[in-house]
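K.L.:
Heads up: the protein sequence lines correspond to chains A and B, in order.
Residues in the first sequence are numbered consecutively from 791, following our numbering.
Residues in the second sequence are numbered consecutively from 791, following our numbering.
Some hints could be false.
Identical copies go unnamed one by one, so any copy, or any two together, can satisfy a pair.
Listed below are the simulated BS3-like cross-link pairs for lysine-lysine, each with C-alpha atoms no more than 27 Å apart in a straight line [what the hints assert, rightly or not]:
#	residue 1	residue 2
1	K804	K836
2	K930	K797
3	K977	K820
4	K804	K849
5	K930	K793
6	K810	K955
7	K804	K930
8	K899	K820
9	K977	K864
10	K947	K836
11	K902	K836
12	K901	K810
Hints were generated in silico from the structure; no laboratory data involved.
Since the model is a prediction, treat every value here as computed from it, not as a measurement.
Letter by letter, the chains look like this.
Protein chains: 2
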Amino acid sequence: MNKPHLKWTETGNKQVFDCKIFSVNESYCKSPAGNEPQTFTVIDAKDWAIVVPVIETPKGKQFLMVWQWRHGSKCLSLEFPGGVFEPGENPEQAAARELYEETGYKPQKIKKIGEFSPNPAIMSNKVHFFLAEDLIDTGKQELDEDEYVEIALMDEKEVIQGMGKPPFVHALMGTALALYNQESLQKE
Amino acid sequence: MNKPHLKWTETGNKQVFDCKIFSVNESYCKSPAGNEPQTFTVIDAKDWAIVVPVIETPKGKQFLMVWQWRHGSKCLSLEFPGGVFEPGENPEQAAARELYEETGYKPQKIKKIGEFSPNPAIMSNKVHFFLAEDLIDTGKQELDEDEYVEIALMDEKEVIQGMGKPPFVHALMGTALALYNQESLQKE
């Protein structure tokens, strides 16, 4: 994987935009051929966690998911729970906290199943994926004021078959499923 | 899926940043409870295509993938081919063109297998996924000047097992695999 003929080298960078969710930075990089630096634009945001919460039921496995309005796509989206890390948290803690806040469920088992760049072309942050099992329902979400999240128990099969069509519109939920499948294959 | 108690309503918006790859816009939205509008920050970029090119070989299925340097993650990444739509192209044309430019392979069969928001929380664009089969190798990539992309034929199993660990760092390649698995299940 050491391919120096493909490697670019950063010669400098500059922040060009900032808001509370992310900043935008110009990265000036020399090509592998060593030509004059080109400008690449990079979005810096916090790392976050996505959790696949699995519940065993008499009729098979179910996923605990959440309905919420998404302001980028301007539509309702049915997703696995998740959210950004808070200062001082490790990824597992962030995953368990977000799961609890959005759904009211606490996991007795939580395991990291993978880590990705959400979009390595233009984003510098990482998204961490977890499998949560043996869930205890406290019966109470911990939502912020003016936060609207509705939980849904979905059959595993319906989610696997539905990905890529509304309401399963969030690409990173597909990523989560690929890792869930990978984990299931390893158990077999 | 009609959940008016979760729906936010945009009351206005304003562009606050622009570069050649994307713009950033503030979207002012009233909550489902009708409270004073809050500000959400949204990244607008072009739609793009990701192509899963499959080659049948005597030792099983292989994926045609590409190595390239990614400036967001500042690392090498092994990915399915893809890229943004050019004006006037439909998604299938964009997918086939990007596949050819990056790899030199032309598909005789190309089929859309799903469509997602790459990140509906903060991005407004869409990413379209395709399965490409019956590939013809022209033996020649069509890269831009100072563009560095190296092709690799990877065993299906190695990619499925490797997702979420370097060099398979791009989350949307996991999404592509989830759709590829969905497609394979439908064929069975």
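K.L.:
All hints, please: hold or fail.
P.N.:
Results for each hint:
1. For a Cα distance limit of 27 Å, the shortest separation of K804 from K836 qualifies both inside one copy, at 18 Å, and across copies, at 24 Å.
2. Proximity of K930 and K797 under a CA criterion of 27 Å is satisfied inter-copy only: 21 Å between copies versus 50 Å inside one chain copy.
3. In this assembly of identical chains, the alpha carbons of K977 and K820 never lie at most 27 Å apart, being 45 Å within a copy and 46 Å across copies at closest.
4. Taking the closest pair of Cα atoms, K804 and K849 never come within 27 Å of each other, the shortest separation being 55 Å inside a single copy and 49 Å across copies.
5. In the homo-oligomer, the alpha carbons of K930 and K793 lie at most 27 Å apart only across protomers (20 Å), although the nearest pairing inside one protomer, at 51 Å, exceeds that limit.
6. For the identical chains of this complex, K810 and K955 are neighbours neither inside a copy (31 Å) nor across copies (29 Å), given an alpha-carbon limit of 27 Å.
7. Neither within a single protomer nor between protomers do K804 and K930 lie at most 27 Å apart by alpha-carbon distance, with minima of 44 Å and 37 Å respectively.
8. Taking the shortest alpha-carbon separations for K899 and K820, neither the intra-copy value of 46 Å nor the inter-copy value of 38 Å comes in at or below 27 Å.
9. Taking the shortest alpha-carbon separations for K977 and K864, neither the intra-copy value of 38 Å nor the inter-copy value of 33 Å comes in at or below 27 Å.
10. For a Cα distance limit of 27 Å, the shortest separation of K947 from K836 qualifies neither inside one copy, at 32 Å, nor across copies, at 32 Å.
11. For the identical chains of this complex, K902 and K836 are intra-copy neighbours only, at 18 Å inside a copy versus 32 Å across copies, given an alpha-carbon limit of 27 Å.
12. When the C-alpha separation of K901 and K810 is checked against a cutoff of 27 Å, the pair qualifies neither within a copy, at 30 Å, nor between copies, at 40 Å.
The earlier numbered hints that this structure contradicts are 3, 4, 6, 7, 8, 9, 10 and 12.
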